[in-house]
Amino acid sequence: DAKTTQPPSMDCAEGRAANLPCNHSTISGNEYVYWYRQIHSQGPQYIIHGLKNNETNEMASLIITEDRKSSTLILPHATLRDTAVYYCIVLETDSWGKFQFGAGTQVVVTP
Amino acid sequence: GAVVSQHPSWVICKSGTSVKIECRSLDFQATTMFWYRQFPKQSLMLMATSNEGSKATYEQGVEKDKFLINHASLTLSTLTVTSAHPEDSSFYICSASLRRDRGYFGPGTRLTVT
Chain D
1 DAKTTQPPSM DCAEGRAANL PCNHSTISGN EYVYWYRQIH SQGPQYIIHG
51 LKNNETNEMA SLIITEDRKS STLILPHATL RDTAVYYCIV LETDSWGKFQ
101 FGAGTQVVVT P
Chain E
112 GAVVSQHPSW VICKSGTSVK IECRSLDFQA TTMFWYRQFP KQSLMLMATS
162 NEGSKATYEQ GVEKDKFLIN HASLTLSTLT VTSAHPEDSS FYICSASLRR
212 DRGYFGPGTR LTVT
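Chains as they are written, first to last, in our numbering: chain D, 1 to 111; chain E, 112 to 225.
Simulated from the structure, these hints should not be mistaken for lab results. Values in this document were obtained by computation on a predicted structure and should not be read as measured data. Treat the hints with care, as some may be off.
Selected chain E positions facing chain D (in silico; Cβ < 8 Å) [claimed, not checked]:
1. D138
2. F139
3. Q140
4. L157
5. G164
6. I204
7. S206
8. S208
9. R213
10. G214
11. Y215
12. G217
All residues carry an ideal CB built from backbone N, CA and C; glycine is no exception.
Go ahead and model the full structure; you've got the sequences and the hints to work with.
Below you can see the structure in the form of structure tokens.
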């Protein structure tokens, strides 16, 4: 059973922020939220992860709600190269590296 | 950053033959690696966990006798698809963890069985 729910697709204009939602209402206290993306015919690329605090790195920001039941990945200035499938994954600490992928969100960035 | 490579990038084999796919962690040691399979327009499916020096752990529904995994060293895991059939044609991806908080994925191997 999928632990996360994401919209199947999203369009985003180049240069604008892309906000990708993810629901994980059954998340438990020892589970992290991870985001990966997969550009066509390539291996997944790590973006960011967090437990309960908001996180930011050079690629994106991760906003986790206070009840931890949902999160949003923010790509601050989308480029055409950000077109990819984005996966939100919940991972428990006893299963480091053992990712269970859902269907993800196909993001298309348009000029 | 940590790099995981796979070899070959793509392979075509005839039905009934076996094919080996290598996964290497280039600049770090990985006691655990993972193998995934991805069919066209589908998501990645975890196949097995590869443990250095011990037997692999397979996910439910994955045939261990068909997909042989060998993790012979801290930088190399191999997946052998035995007696391949056209339905085994897929994109095979491995991953390894440098730190306990993230996984690094290889570029994938495209297998086509004719």
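We went through each hint and held it up to the structure:
With 8 Å as the threshold, the beta carbon of D138 (chain E) stays out of range of chain D, its nearest partner Cβ sitting at about 16 Å, so the hint is violated. The closest approach between the C-beta of F139 (chain E) and any C-beta of chain D is roughly 13 Å, which is over the 8 Å cut-off, so the hint fails. Because the smallest distance between the Cβ of Q140 (chain E) and any Cβ of chain D comes to about 14 Å, over 8 Å, the interface hint for this residue is violated. Checking L157 (chain E) against chain D by beta carbon gives a least distance of about 6 Å; that is within 8 Å, so the hint holds.
Of the supplied interface hints, the one on G164 (chain E) is violated, with its beta-carbon coming no nearer than about 17 Å to a beta-carbon of chain D, more than 8 Å. For I204 (chain E), the suggested interface contact is upheld, since its CB lies about 5 Å from the closest CB of chain D, less than 8 Å. Hint on S206 (chain E) holds. Least Cβ distance to chain D is approximately 7 Å, under the 8 Å limit. Checking S208 (chain E) against chain D: minimum C-beta separation of about 4 Å stays under 8 Å; hint holds.
Nearest Cβ of chain D to the Cβ of R213 (chain E): about 5 Å, under the 8 Å cut. The hint holds. A least Cβ separation of about 4 Å between G214 (chain E) and chain D falls short of the 8 Å threshold, and the interface hint therefore holds. Taking 8 Å as the C-beta cut-off, the interface hint given for Y215 (chain E) holds, the closest approach to chain D being about 7 Å. Interface restraint check: G217 (chain E) against chain D, minimum CB-CB distance 5 Å, threshold 8 Å, status holds.
Hint violations for this structure: numbers 1, 2, 3 and 5, all remaining hints satisfied.
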